[in-house]
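*Asks:* Chains as they are written, first to last, in the numbering used here: chain R, 18 to 132; chain E, 88 to 535.
Just so you know, the hints here were simulated from the structure itself, not pulled from any lab data. If you're wondering where the values come from, they're calculated on a predicted model, not measured in any experiment. C-beta atoms are modelled at their ideal positions from N, C-alpha and C, and glycine is treated no differently. Keep in mind that the hints are not guaranteed to be accurate.
Claimed, not checked - Calculated cross-link-like contacts (lysine to any residue; reagent style SDA-like; alpha-carbon spacing at most 25 Å):
1. E:Lys-172 <-> R:Glu-100
2. R:Lys-78 <-> R:Glu-54
3. R:Lys-78 <-> E:Ile-118
4. R:Lys-80 <-> E:Met-181
5. E:Lys-100 <-> R:Pro-109
6. E:Lys-100 <-> R:Glu-93
7. R:Lys-71 <-> R:Ile-84
8. R:Lys-73 <-> E:Glu-104
9. R:Lys-80 <-> E:His-108
10. E:Lys-518 <-> E:Phe-422
11. R:Lys-78 <-> R:Lys-117
12. E:Lys-100 <-> R:Gln-47
13. R:Lys-73 <-> E:Leu-514
14. E:Lys-523 <-> E:Ala-287
To be verified - A few chain R residues that don't get close to chain E, going by computed Cβ distances all over 12 Å:
15. Ile-46
16. Gln-47
17. His-62
18. Gly-87
19. Asp-102
20. Arg-105
21. Leu-110
22. Ser-112
23. Leu-116
24. Asp-127
25. Leu-132
Here is how the chains run, residue by residue.
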Amino acid sequence: MKNQPDPLFNLQELQTISAGDSSFLDSMIQLYISQIEGFLLDISHFTLLKDYAKIKTIVHKMKPSVIVMGATSTSEIILRIEEMDLERLDEPLFSELLLKLKDNLQKINDLLRSL
Amino acid sequence: MSSFSIFIVEDDKFYGEYLKHNLSLNPDYGIRHFLTGKEFIENLHEKPDVVTLDYNLPDYNGAVVLKKIRQISPETQVIIVSGQKDISTALDLMKDGAYDYIVKDQDSRSRLWNTILRIRENQSLKNQVEKLQEEVIRKYDFEKTIIGNSQVIRNLYTLIERAVKTNINVSVTGETGTGKEVVAKAIHYNSVRRKKPFVAVNMAAIPHDLLESELFGYEKGAFTGAFTRKTGKFEEATEGTLFLDEIGDMDMAMQAKVLRVIQERELVRIGGKETIALDLRLIVATHKDLKEEVAKGNFRQDLFFRLLGLPIHLPPLRDRANDILILAKHFAEMFCKENNLPPIVFSSETSEKLLRYPYPGNIRELKAIVDLAVVMSNGKMLTPEDIIFSQTSQPTDFLSTKEMTLEEYDRVIIKSYLEKYKDDMVLVAEKLAVGKSTLYRMRQKNLI
Chain R
18 MKNQPDPLFN LQELQTISAG DSSFLDSMIQ LYISQIEGFL LDISHFTLLK
68 DYAKIKTIVH KMKPSVIVMG ATSTSEIILR IEEMDLERLD EPLFSELLLK
118 LKDNLQKIND LLRSL
Chain E
88 MSSFSIFIVE DDKFYGEYLK HNLSLNPDYG IRHFLTGKEF IENLHEKPDV
138 VTLDYNLPDY NGAVVLKKIR QISPETQVII VSGQKDISTA LDLMKDGAYD
188 YIVKDQDSRS RLWNTILRIR ENQSLKNQVE KLQEEVIRKY DFEKTIIGNS
238 QVIRNLYTLI ERAVKTNINV SVTGETGTGK EVVAKAIHYN SVRRKKPFVA
288 VNMAAIPHDL LESELFGYEK GAFTGAFTRK TGKFEEATEG TLFLDEIGDM
338 DMAMQAKVLR VIQERELVRI GGKETIALDL RLIVATHKDL KEEVAKGNFR
388 QDLFFRLLGL PIHLPPLRDR ANDILILAKH FAEMFCKENN LPPIVFSSET
438 SEKLLRYPYP GNIRELKAIV DLAVVMSNGK MLTPEDIIFS QTSQPTDFLS
488 TKEMTLEEYD RVIIKSYLEK YKDDMVLVAE KLAVGKSTLY RMRQKNLI
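Work out the full structure, taking the sequences as your base and the hints as a guide.
*Replies:* Put into structure tokens, the structure is as follows:
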């Protein structure tokens, strides 16, 4: 059997606590989308300024929401960025991870909008 | 209004709503979500039961908010919910009074749920303890527990009132069964120390070689068998009252140690080095005449004066005959209440019979006689036949039957007590106010 790619997100956690309340689920999805959009804008802004510390703060800030959304591979990228030492920063790796993160977040938002 | 209020302080709107909805699945919880520390602090006067606090708020650091909570609402339990896994921060916050530290990860929802359940359980236990404390305090309202209408009792109320207003040591004397411990409890539960422990120690019931460790405690490894540290009775009574019953039975070596502790108001556990300051009220009791014991050289004079404090003497029941019927009726009423029985009355012959008896066991004996009488009665009226004085309660009976030496009388009395108390040597020694070792010696020689 062919391996299925990991899904980008999993709404099981939110569905569990929604206890069948679809309006709660919808409002949480909307809240997540708008919050991530804000974070993405901030990341773009601080990338231009090469302010990696600020970027790390933003990434750290979005982590709990990403975990709740069951976005496991995305939260792993976040962890790797969080662990990077700014004193001896591997800039190409940092940029690569950041790009991957932004891409994932954008895809998740697009998928969520289409639900 | 919900019975349990939880404030969520979380600047991440998504995560805050997630926590709020999750916790609101329990209908007992009333939940509010605050996005800033400022907004939360403005509402802290509502004194929530629990606060879940994000460590990194845009306007305040979690440690600062925690400090504010401790100042304004010290009863509120704080759970730090943070994205940081920094152990030292977590430890510092726990030291400053946070109840738990939860990292925002896949398990945080169940951990938070369980932590709040644990807080509720603790709170419920605390409430139960407080309720029980109140009940005990009400129970020992001294005008309800020390019953009587004689001048002696009225004087006793005055003395107790004086004792409760200060921290003075109190020495209670009186025959066995006169209510020395009842007086000690009445003083404690009506004083400012009422919510702190009342620790009673019967000095005569503890073997001499164990008394020191019982009173002062010991450190791990202080002697063979000291596997863990043990707190002594003095320490247990911290901020409360220590009641040392049968203080006259202490040997001279122990008297010196107790004197030192009372004088210095501090102790060192056996095998320890740390000095522990003591803050307690001491109440002592004895059936012995301590002045006489001092004169005989059996009791240290300096300790006697240290312990004397406010002396309260409880007269034997036979010297306050006016109170016998009041007490008997009180005990009957209490026994009926406790056993869901209808109230019972005393016939005039019953009252006369009760008044004629000398009560060598004092109030304790009267209570036992009345309790038994209620059980033996027809449930409506106590008759003289229901009043049964035990054989050992009538020491004068055997005087008329046979002439014996004093030593023989002693043996008859001890044997009858041993029979009555099912050969419990410690209890009999306590009842007869003799040393346990005396009884053991007599048993070894087959005298009893």
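*Asks:* So is Ile-46 (chain R) really clear of chain E, every C-beta pair being over 12 Å apart?
*Replies:* violated (10 Å)
*Asks:* Would the pair Lys-78 (chain R) and Ile-118 (chain E) pass a check requiring their Cα atoms to be no farther apart than 25 Å?
*Replies:* Roughly 23 Å between the alpha carbons, so the hint for Lys-78 (chain R) and Ile-118 (chain E) holds.
*Asks:* In terms of Cβ atoms, is chain E entirely out of 12 Å range of Gln-47 (chain R)?
*Replies:* violated (10 Å)
*Asks:* Non-interface claim for Arg-105 (chain R): all C-beta distances to chain E beyond 12 Å?
*Replies:* holds (20 Å)
*Asks:* Is the straight-line distance between the alpha-carbon of Lys-80 (chain R) and that of Met-181 (chain E) 25 Å or less?
*Replies:* Answer holds: Lys-80 (chain R) to Met-181 (chain E) is near 24 Å, not above 25 Å.
*Asks:* Taking only the CA atoms, is the gap from Lys-518 (chain E) to Phe-422 (chain E) under or equal to 25 Å?
*Replies:* holds (23 Å)
*Asks:* Confirm or reject the statement that Gly-87 (chain R) sits farther than 12 Å, beta carbon to beta carbon, from all of chain E.
*Replies:* Nearest chain E Cβ is 9 Å from Gly-87 (chain R), so the label is violated.
*Asks:* If we take the beta carbon of Asp-127 (chain R), is the closest beta carbon in chain E still more than 12 Å away?
*Replies:* Non-interface label on Asp-127 (chain R) holds, nearest chain E Cβ at 18 Å vs cutoff 12 Å.
*Asks:* For a C-alpha distance cap of 25 Å, please report whether Lys-172 (chain E) and Glu-100 (chain R) respect it.
*Replies:* Distance ~12 Å between Lys-172 (chain E) and Glu-100 (chain R) Cα, so the pair holds.
*Asks:* Do the alpha carbons of Lys-73 (chain R) and Leu-514 (chain E) lie within 25 Å of each other, as the hint requires?
*Replies:* violated (74 Å)
*Asks:* Do the alpha carbons of Lys-100 (chain E) and Gln-47 (chain R) lie within 25 Å of each other, as the hint requires?
*Replies:* Holds, at about 12 Å.
*Asks:* Please settle this one: Leu-132 (chain R) was flagged as non-interface, so is its CB more than 12 Å from every CB on chain E?
*Replies:* holds (16 Å)
In this structure, the hints that do not hold are numbers 5, 13, 15, 16 and 18, in rising order.
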